[in-house]
Amino acid sequence: MAAGLEEAPVGRAERPPVGGPSIGANVPRKEGRGKVTGAARYVDDVVMDGMLYGATVRSPVARGRIVGVHYDPAFDWSEVVVVTAADVPARNLVTLILEDQPVLADGVVNHPEEAVVLLAHPDRWYVEEARRHVRLEIEPLPAVLDIDAALAAETVIWGDDNVLKRIDLAKGDVDAAFAAAAGRDDVVVVEGVYETGAQEQLYIEPQGMIAVATPGQGVTVWGSLQCPYYVHKALVPMFGLPEEQVRVVQMTTGGGFGGKEEYPSMIAGHAALLSWKAGGRPVKLIYDRAEDMVATTKRHPSRTRHRTLVTRDGELLAMDIDFVLDGGAYATLSAVVLSRGTIHAAGPYRVPHVRVTSRAVATNLPPHGAFRGFGAPQSIFAVERHLDKVAKALGMTPEALRRRNLLSEGDTTATGQTVTERIDLPRMMRMAMDEARWDERKRAYAEHNAVPGQTVLKGLGLATFFHGSGFTGSGESYLASVVHAEATAEGRVVVLAASTEIGQGTNTIFSQVASDALGLPYEWVDVAQPDTAAVPDSGPTVASRTTMVVGKLVERAALGLRDKLQAEGLLGREYTPEQFAEACAAWHASRGRLLAASEYKAPPGVVWDDATYRGSAYGSYGWACYVAAVAVDTVTWETRVEDFVAVQDIGTVIHPVLAAGQVEGGVAQGIGWALSEEVVWNDGRMANGRMTNYIMPTAMDLPDLRVFFQPVPYEHGPAGAKGVGELPMDGPAPAIVNAIEDALGVAVDAIPVTPERLMRAVKQAEAARG
Amino acid sequence: MGERTEVRFEVNGREVAVKTWPMGRLLDVLRTEVGLTGTKEGCGEGECGACSVLVDGVLVNACLVPVVQVAGCSVQTVEGLAEDAAVEPLRQAFVRANGAQCGICTPGMLMATVALLREEARPSDARIREALGGNLCRCTGYVRIVQAVREAAAEMAGARADAEVEG
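Going down the list, the protein sequences come from chains A and B.
With our numbering applied, the first sequence corresponds to residues 4 to 773, in that order.
With our numbering applied, the second sequence corresponds to residues 554 to 720, in that order.
There's no promise every hint is true.
[Unchecked claim] Pulled from the structure, derived: some chain B residues nowhere near chain A, Cβ distances all over 10 angstroms:
(1) Glu559
(2) Arg567
(3) Glu568
(4) Val608
(5) Leu617
(6) Val621
(7) Ala638
(8) Ala639
(9) Val648
(10) Ala668
(11) Gly687
[Said to hold, decoys possible] Chain B regions said to be covered by chain A (calculated; three or more residues, Cβ under 8 angstroms):
(12) 593-606
(13) 622-632
(14) 654-666
(15) 676-686
(16) 706-718
[Stated by the list, open to error] Mimicking DMTMM-like on lysine to aspartate or glutamate, the simulated pairs with C-alpha atoms at most 25 angstroms apart in a straight line are:
(17) B:Lys572 with A:Asp704
(18) B:Lys572 with A:Asp126
(19) B:Lys572 with A:Glu132
(20) B:Lys572 with A:Asp52
(21) A:Lys395 with A:Glu744
(22) A:Lys604 with A:Asp540
(23) A:Lys445 with A:Asp704
(24) B:Lys572 with A:Glu131
(25) B:Lys572 with A:Asp48
Hints are computed from structural coordinates only; laboratory data are not their basis.
For each residue, glycine too, the CB sits at the ideal point set by N, CA and C.
Let's have the full structure, built from the sequences with the hints guiding it.
Structural data, given as structure tokens:
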């Protein structure tokens with residue numbers, strides 16, 4: 004192993020000594036036991052008395068006018084609850100950023116699978132039967148089905164020009180840089196176009212909600228979700244209720260990856276509308292896999308054009324980037340996905356002149372939404388592929404070109420943010436290459452590929468990249484997240500936050516942070532179930548913010564408990580866990596509950612200007628270099644990842660095994676996005692909405708992913724931690740496609756690189772060569 | 554779906570009799586009539602393996618099995634495993650190694666692992682990956698699941714060897 008690397012340990016969970024540090028130790032996952040015994044309760048495991056089952060009648064077309072809704076007169080509707088847009092008590096709207104998406108289509112449909120009618124019945128099979136006896140009569144309207152059609156705007160489906168959001172980012176003066184270079188023979192201009200496809204989050208637990216709703220009692224929903232307060236924010240105006248009459252409870256959630264960031268508001272609304280109409284009977288609305296895949300959000304498809312000015316010896320002078328995302332039929336989160344993609348579009352490189360012209364456009368596809376990485380994987384795929392193209396044009400190696408231009412302390416990013424972190428990206432790149440035995444493999448692959456008649460060709464590729472932790476720009480200041488900590492009379496500490504455990508380890512990380520802050524055993528800390536009636540709004544569980552941003556609030560809230568006890572003279576400066584427990588007992592005896600709160604405040608120096616897109620885009624970044632070794636079968640055109648090395652700086656690693664788990668899982672999703680996960684669109688509808696024909700990696704498709712950390716503590720994160728969740732999604736696709744080009748000598752600039760796409764690319768390249 | 558009929562079989566060592574549609578899915582009968590919700594539905598078409606159970610010791614996807622087909626059979630679910638002390642090292646290994654993240658695939662993974670380890674006490678990593686090839690996990694990239702199985706297999710094989718020596 005390269006010097007200075009910390010390999011993610013494969014060791015056993017260590018029980019921290021009482022009062023000793025748990026940060027850095029692989030303590031057992033808080034809710035792990037319930038997950039290995041079958042006792043963990045997911046939403047579909049819950050049955051309530053008198054419960055009805057819901058179903059959704061959806062648009063069969065991409066765009067049209069709803070002329071009629073026909074209920075088969077031969078079918079017995081007497082016990083079926085029916086809800087349409089007319090039944091929405093207050094506003095027919097899923098509140099998020101812009102107010103454009105109805106909870107039920109009213110008069111028009113704007114994408115396939117848009118919800119039009121809701122049904123509920125005590126028998127889940129009967130309601131499914133009922134769904135098949137509703138016929139929507141829709142007069143089709145011309146639809147916009149891809150980025151080109153949206154930009155052409157011959158058919159306008161959103162605003163004046165189909166543009167959901169436009170961002171112009173400028174550093175230096177790109178036009179002047181290109182003009183000044185005209186006629187110089189020591190510079191080169193390299194152009195490229197890169198495309199990425201939609202990707203399904205494919206959490207293994209499909210989406211679902213249970214709701215109880217009445218005008219008198221208000222609305223309560225229990226469900227599979229990432230962001231309790233997003234759902235809350237959507238339900239309040241939909242039902243016209245005071246905030247305290249809407250309650251959102253997260254059940255054990257079987258994966259999210261962004262897919263349960265905004266869409267659960269829609270399902271919660273549907274379940275609650277049915278319950279409201281049914282006089283408050285509980286309604287369970289669970290999607291089956293096919294419905295989940297065709298109706299819910301996916302990663303935005305993208306197209307990126309690059310034009311780069313570079314000196315012949317490899318100094319990047321200017322990058323002109325045009326970045327377009329397909330947002331689907333409604334605005335949802337596209338503006339912020341575009342923002343993150345834009346900020347990461349120039350990569351972690353020192354470039355004096357950068358222009359990024361970005362647009363998210365509307366199409367009549369189901370709205371695309373949050374998915375791990377949130378726009379950055381798309382623009383990073385483009386820039387990391389493009390750098391290999393630039394290197395090839397210059398006759399340099401990909402690693403030499405990167406080494407020449409990687410950001411270091413004191414440089415400025417594309418938004419003009421000065422890098423203050425002690426990063427050494429060239430060293431990290433060297434570590435990743437050494438770990439992957441780059442030089443040795445290069446020689447061996449050259450020999451291997453040169454064997455006459457060789458049908459399996461091998462190649463190596465890498466990507467260097469960064470990912471901002473937390474909300475972009477001033478987002479965290481607007482959110483103003485709050486965390487509470489409570490101490491019981493027994494001295495146990497409960498963390499109260501809306502941040503959800505969705506598999507990534509929130510419960511464990513928060514417990515480690517709180518127990519270490521107070522010097523208590525890890526076992527003494529519990530994390531409350533996210534329930535808007537009981538926990539404050541600590542913001543959504545997204546954007547790699549839970550550990551770094553909310554974790555810091557957990558640390559401060561926990562310390563607040565100690566400070567209160569000390570201020571009252573109940574606890575000394577130095578104390579044992581037992582003394583802490585005694586102090587809590589004394590507090591409870593005379594003063595009641597012991598609670599402390601913390602609220603987010605931007606660290607000094609984090610200043611962002613939304614109007615000019617200049618400033619500190621993020622408080623800190625994760626930095627990484629990933630290396631992929633691939634073998635391409637030139638008979639079947641299948642690509643196999645034979646080795647994968649992921650080296651990253653995510654600040655202090657709070658729980659090495661959990662952190663490695665985040666990286667491994669993200670890399671696996673990245674490999675799927677790069678090679679096999681293709682969404683096939685048929686008139687705006689996903690044609691392969693099943694696990695049988697939408698192909699995610701199995702255990703047999705992946706190598707043992709190798710993960711290494713190079714921690715550089717971040718002063719404003721808890722114990723020095725930064726974010727980790729999204730970073731690993733950014734690097735795999737470009738590293739793999741760069742490796743494919745290394746193996747075949749053929750550039751492939753669109754993903755997924757399915758066997759069909761690869762075969763076409765090779766045949767085209769052969770034809771072009773004559 | 555035809556008339557409801559009574560189907561008798563054994564679940565986790567206990568006799569059950571349910572009145573249901575003969576072609577109803579074993580998965581639904583387990584989750585609703587029997588009330589054991591540890592067996593999960595991920596896809597309903599035999600792709601993801603979240604509903605894996607053992608029928609007379611054979612690993613099956615409960616979403617693909619009509620309940621009438623298990624009449625007179627012995628079905629084992631994750632709740633049954635939880636009562637089996639010999640499987641405790643496997644559960645501990647999944648928690649320790651972070652083989653269970655969101656947990657939705659975990660019951661199926663545990664059932665597939667038990668089926669594997671009954672066949673082969675000390676499987677190679679390649680064999681583990683093959684045996685779990687029908688169980689999809691979106692969280693882990695499988696690294697820690699394979700590790701958990703490897704560690705549990707070593708521990709369980711060691712325990713069996715000790716028991717034989719003592720016996």
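Verification of the supplied hints:
no.: 1; hint: Glu559; in the structure: holds (19 angstroms)
no.: 2; hint: Arg567; in the structure: holds (15 angstroms)
no.: 3; hint: Glu568; in the structure: holds (20 angstroms)
no.: 4; hint: Val608; in the structure: holds (17 angstroms)
no.: 5; hint: Leu617; in the structure: holds (12 angstroms)
no.: 6; hint: Val621; in the structure: holds (17 angstroms)
no.: 7; hint: Ala638; in the structure: holds (13 angstroms)
no.: 8; hint: Ala639; in the structure: holds (15 angstroms)
no.: 9; hint: Val648; in the structure: violated (4 angstroms)
no.: 10; hint: Ala668; in the structure: holds (15 angstroms)
no.: 11; hint: Gly687; in the structure: violated (8 angstroms)
no.: 12; hint: 593-606; in the structure: holds (count 9)
no.: 13; hint: 622-632; in the structure: holds (count 3)
no.: 14; hint: 654-666; in the structure: holds (count 8)
no.: 15; hint: 676-686; in the structure: holds (count 6)
no.: 16; hint: 706-718; in the structure: violated (count 0)
no.: 17; hint: B:Lys572 with A:Asp704; in the structure: violated (42 angstroms)
no.: 18; hint: B:Lys572 with A:Asp126; in the structure: holds (16 angstroms)
no.: 19; hint: B:Lys572 with A:Glu132; in the structure: holds (21 angstroms)
no.: 20; hint: B:Lys572 with A:Asp52; in the structure: holds (20 angstroms)
no.: 21; hint: A:Lys395 with A:Glu744; in the structure: holds (11 angstroms)
no.: 22; hint: A:Lys604 with A:Asp540; in the structure: holds (15 angstroms)
no.: 23; hint: A:Lys445 with A:Asp704; in the structure: holds (23 angstroms)
no.: 24; hint: B:Lys572 with A:Glu131; in the structure: holds (21 angstroms)
no.: 25; hint: B:Lys572 with A:Asp48; in the structure: holds (21 angstroms)
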